[in-house]
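**Student:** The primary structure of each chain is shown beneath.
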Amino acid sequence: MLELRNISFAVSTEETDKEILRDVSLTIDEGKLVVITGPNGGGKSTLARLIMGIEKPTSGRIFFRGEDITDLSVTERAKKGISFAFQQPVKFKGLRVLDLLRIASGKQISVGDACAYLSAVGLCARDYIDRELNGSLSGGELKRIEIAEVLSRSTDLSIFDEPEAGIDLWSFQNLIKVFEGMRAKISDGSIIIISHQERILNVADEIVVISGGRVDRKGKKEEILPSLLGSSSVVQGCSVVNGKENV
Amino acid sequence: MKFDPIQLRLLQEIADLHTVPEGAYNIRSDSQAIGRRSTDHIVITPKTDVSGIDIEIKPGTKNESVHIPVVMTKSGLKETVYNDFYVGEDADVLIVAGCGIDNCGAGDSEHDGVHRFFLKKGAKVRYVEKHYGSGEGSGKRILNPVTEAYLDEGAEMQMEMVQIKGVDDTERATVAKLKAGAKLVVRERLMTHDSQRAISSYDVSLDGEGASADVVSRSVAKGDSFQKFDAKITGNAPSYGHTECDSIIMDNGRILAVPGLQANHVDASLLHEAAIGKIAGEQLVKLMTLGLTEKEAEEQIINGFLR
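Chains F and Z supply the protein sequences, listed in that same order.
The numbering used here numbers the first residue of the first sequence as 145 and each following residue consecutively.
The numbering used here numbers the first residue of the second sequence as 670 and each following residue consecutively.
Next comes chain F alone, as it looks inside the complex (with noise of 0.2 Å):
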C-alpha cells in the first residue's frame, strides 16, 4: 500500500539545520491498521504530513501502491486515495459541516447521507449538519468532524493524527468504536494512526515506535504493545484523570 524509502526531513533555521526526521524507511501492508507511536517531539506528526504532501521530504521516496508520489501535491494524493484527519482541525467561517462532508465526499451527497456520518461519531446529526465549522463547535465536536470527513472519503489510505488531542471524555469513548468499526471494514484499504493513547494501540495490528526522528522499533501489536507500557510513547487510558483505568 505505501512504502517510505529512506525518508529525512530537516528545517533550516538562520544558525542550523535541525533534522526532524533521519533515514526513515517502512512499509504500511494492505488491509492493516498501524498505530505510530513514541516520544513527543519524535517526528510522528511530520511522518504523517509527509505521506499527505503537506511536508516536502529532504531526501528518500514515497510509494502509494507502487507509484512515485514524492513530487505530488497534496490535492493529486488526495485524489489517489490518501485522506488526513487533522490534528489541530481547521475552522471556516462561513462553510457549513454540510459543505465541508459533501467536499470530503466529492459528490452533492444528501442530508441523510451526511447525518450517517456524523452519527458514526457519535454526534446527533441534524444538530450539526448547519452549523459553521468554527469556534462556535468545541474542540472535540471539531475533531469528530473532521474524523466524519475522513470516513465520508472512504479512501484506499485514512491517516489521523493523533485524533485523541483535545478531545473530551466521551468522544475519547466513542472515538474507539469508530476505529474498530473502521478496523473491522478494512478490506483492502490501510490505517494510519498517531497516538499515545494505549486503548488505540490497542486497536492496532501493528506498531511503530519512532524515536529521535528515527524507527526505534516495529511489529505485531503482541510484540511492541509490552515493552511501551509504562514509557512516554504511551499514556494508559484515562487513569490519570479518574484514577481508575479503561473509563
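Since the hints were derived computationally from the structure, they do not count as laboratory data.
Treat the hints with caution; some may be incorrect.
Claimed, not checked - Capping the alpha-carbon separation at 35 Å, the derived lysine-lysine pairs in DSBU-like fashion look like this:
(1) Lys-846/Z to Lys-224/F
(2) Lys-852/Z to Lys-237/F
(3) Lys-321/F to Lys-224/F
(4) Lys-799/Z to Lys-251/F
(5) Lys-237/F to Lys-224/F
(6) Lys-251/F to Lys-947/Z
(7) Lys-224/F to Lys-947/Z
(8) Lys-251/F to Lys-891/Z
(9) Lys-251/F to Lys-964/Z
(10) Lys-237/F to Lys-891/Z
(11) Lys-901/Z to Lys-251/F
(12) Lys-716/Z to Lys-235/F
(13) Lys-846/Z to Lys-237/F
(14) Lys-235/F to Lys-790/Z
(15) Lys-235/F to Lys-897/Z
(16) Lys-235/F to Lys-852/Z
(17) Lys-891/Z to Lys-224/F
(18) Lys-223/F to Lys-891/Z
(19) Lys-237/F to Lys-809/Z
(20) Lys-789/Z to Lys-235/F
Stated by the list, open to error - Distance ranges between label pairs, derived from CB positions:
(21) Val-689/Z to Asp-274/F: 30 to 36 Å
(22) Asp-161/F to Asp-893/Z: 37 to 43 Å
(23) Asp-332/F to Arg-923/Z: 49 to 55 Å
(24) Gln-232/F to Arg-923/Z: 27 to 33 Å
(25) Glu-147/F to Leu-677/Z: 31 to 37 Å
(26) Glu-829/Z to Asp-332/F: 46 to 52 Å
(27) Lys-329/F to Val-689/Z: 54 to 60 Å
(28) Val-885/Z to Thr-157/F: 48 to 54 Å
(29) Ala-842/Z to Asp-274/F: 30 to 36 Å
(30) Ile-320/F to Val-927/Z: 49 to 55 Å
(31) Gly-256/F to Arg-976/Z: 46 to 52 Å
(32) Asp-936/Z to Gly-256/F: 48 to 54 Å
Said to hold, decoys possible - Quick look at which bits of chain F chain Z covers, simulated, 3 or more residues with Cβ under 8 Å:
(33) 157-166
(34) 178-187
(35) 247-259
Cβ coordinates follow ideal geometry from the N, Cα and C atoms, glycine included.
Dock chain Z against chain F, hints included.
**Tutor:** Relative to chain F, chain Z alone:
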C-alpha cells in the same frame, strides 16, 4: 410588462425575479418606471418634485412585500432617485431593492438611490438590497446609495446589503436613528475586484433606552481594489451597539477599517471588532487534502465567507 433579456438577467441577479413579482412593486429601467402596482395595504405614489416614489405601508400590514428594483442597460446614464418608505405601526414587511447596471458603452452609468425609511412603533422591516454590474464597455458602473432609517419605539429593521460583482465605484452611506427598544441589524457582503473602489460608512445613533444595533460587514478585496469600512455607533442612552468588519484580502487588494464608537451615556455598551487578512494557508491545505485544487479551495472559502 415584458422584459428584454438584459433587463431580465439584471433583475434575476439583484432581486431573484424571473417575472413580475407578487405584491406591490415599482420597476425602473433606464430612468423610467416600466411597471408599478399598489395593493390594498401598500400604496406607491410617484414624487412630483424630484425623481422617485413614496411608499406607504399601512399600519398592521403583515407578510407582504415590496419590490423596487432598478436596472440600467444604456451607457452614459446618470440619475439620482429618492424613495421614501413610510411603514405604519406594527406592520411587518419585506422590501427588496437593488440596482443592476449593464454598461457596454464608453460613458459612465451611475445610479444614486436615496432611500429613507420611517418606521412607526413596533414596525418590522426586512430590507434586502443587491448591487450588480456587468458589461464589457469602458464606461464605469457607479452606485452611490444613501440609506436613512428612523426607527420609533420598538421598531426593528434588518438590512442585508450585497455587492458581489461588477460595480466599479461605490460610496454607500447609511444613517440610522433608533428610539427606545428599537433594533437595527445590518449584514453587509461585499466583494471588489480589479481596480474597483468601495466605501461603506455607517452612522448609527442609539437614542432611546434598550435600543440596539448590530452592524456586521464581511468583505473580500481582490485584484487592485480598495475598500473602506467606516462604522460609527453613538450610544446616547442605555443601549447596546456592535460593529464588526471581517475581511479577506487577496492579490494587491487593500482594506481600511475605521472603528468609531462614542458612548455618551454610562450605560451604553459598545463593541467593535475588525479582522483583515489573507486566506489562512491551513484552510487551503485542509481543503486540498479533501481533493480540491488550490483555486477550487479558494473559491469554496470565499463563497462560504460571503454567504
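**Student:** All hints are to be evaluated individually against the structure, with a verdict given for each.
**Tutor:** Evaluation of the provided hints:
1. Lys-846/Z to Lys-224/F: Violated, at roughly 58 Å.
2. Lys-852/Z to Lys-237/F: Holds - the C-alpha atoms of Lys-237/F and Lys-852/Z are around 25 Å apart, at most 35 Å.
3. Lys-321/F to Lys-224/F: At roughly 27 Å apart (the allowed maximum being 35 Å), Lys-224/F and Lys-321/F satisfy the hint.
4. Lys-799/Z to Lys-251/F: 30 Å, holds
5. Lys-237/F to Lys-224/F: 28 Å, holds
6. Lys-251/F to Lys-947/Z: Measuring from Cα to Cα gives roughly 28 Å; hence the hint holds.
7. Lys-224/F to Lys-947/Z: 29 Å, holds
8. Lys-251/F to Lys-891/Z: OK: Lys-251/F and Lys-891/Z at ~29 Å, within 35 Å.
9. Lys-251/F to Lys-964/Z: 18 Å, holds
10. Lys-237/F to Lys-891/Z: Given that 35 Å is the threshold and the Cα spacing comes to 18 Å, the pair holds.
11. Lys-901/Z to Lys-251/F: 44 Å, violated
12. Lys-716/Z to Lys-235/F: With Cα atoms ~50 Å apart, Lys-716/Z and Lys-235/F exceed 35 Å; violated.
13. Lys-846/Z to Lys-237/F: 30 Å, holds
14. Lys-235/F to Lys-790/Z: 41 Å, violated
15. Lys-235/F to Lys-897/Z: 26 Å, holds
16. Lys-235/F to Lys-852/Z: 30 Å, holds
17. Lys-891/Z to Lys-224/F: 32 Å, holds
18. Lys-223/F to Lys-891/Z: Answer holds: Lys-223/F to Lys-891/Z is near 29 Å, not above 35 Å.
19. Lys-237/F to Lys-809/Z: 32 Å, holds
20. Lys-789/Z to Lys-235/F: Distance ~42 Å between Lys-789/Z and Lys-235/F Cα, so the pair is violated.
21. Val-689/Z to Asp-274/F: 30 to 36 Å: The hinted range 30 to 36 Å holds for Val-689/Z and Asp-274/F, with Cβ atoms some 33 Å apart.
22. Asp-161/F to Asp-893/Z: 37 to 43 Å: 40 Å, holds
23. Asp-332/F to Arg-923/Z: 49 to 55 Å: 53 Å, holds
24. Gln-232/F to Arg-923/Z: 27 to 33 Å: At roughly 31 Å between Cβ atoms, Arg-923/Z and Gln-232/F fall inside 27 to 33 Å, so the hint holds.
25. Glu-147/F to Leu-677/Z: 31 to 37 Å: Given a distance of about 59 Å, which is not inside 31 to 37 Å, the answer is violated.
26. Glu-829/Z to Asp-332/F: 46 to 52 Å: 51 Å, holds
27. Lys-329/F to Val-689/Z: 54 to 60 Å: Since Lys-329/F and Val-689/Z have Cβ atoms about 56 Å apart, the given range 54 to 60 Å holds.
28. Val-885/Z to Thr-157/F: 48 to 54 Å: 41 Å, violated
29. Ala-842/Z to Asp-274/F: 30 to 36 Å: With a Cβ separation near 34 Å, Ala-842/Z and Asp-274/F satisfy 30 to 36 Å, so the hint holds.
30. Ile-320/F to Val-927/Z: 49 to 55 Å: Holds: the Cβ-Cβ distance is about 52 Å, inside 49 to 55 Å.
31. Gly-256/F to Arg-976/Z: 46 to 52 Å: 23 Å, violated
32. Asp-936/Z to Gly-256/F: 48 to 54 Å: 49 Å Cβ-Cβ, so the 48 to 54 Å window holds.
33. 157-166: It is violated, with 0 qualifying residues against the three required.
34. 178-187: violated (count 0)
35. 247-259: holds (count 3)
This entry does not satisfy hints 1, 11, 12, 14, 20, 25, 28, 31, 33 and 34, going by the numbered hints stated previously.
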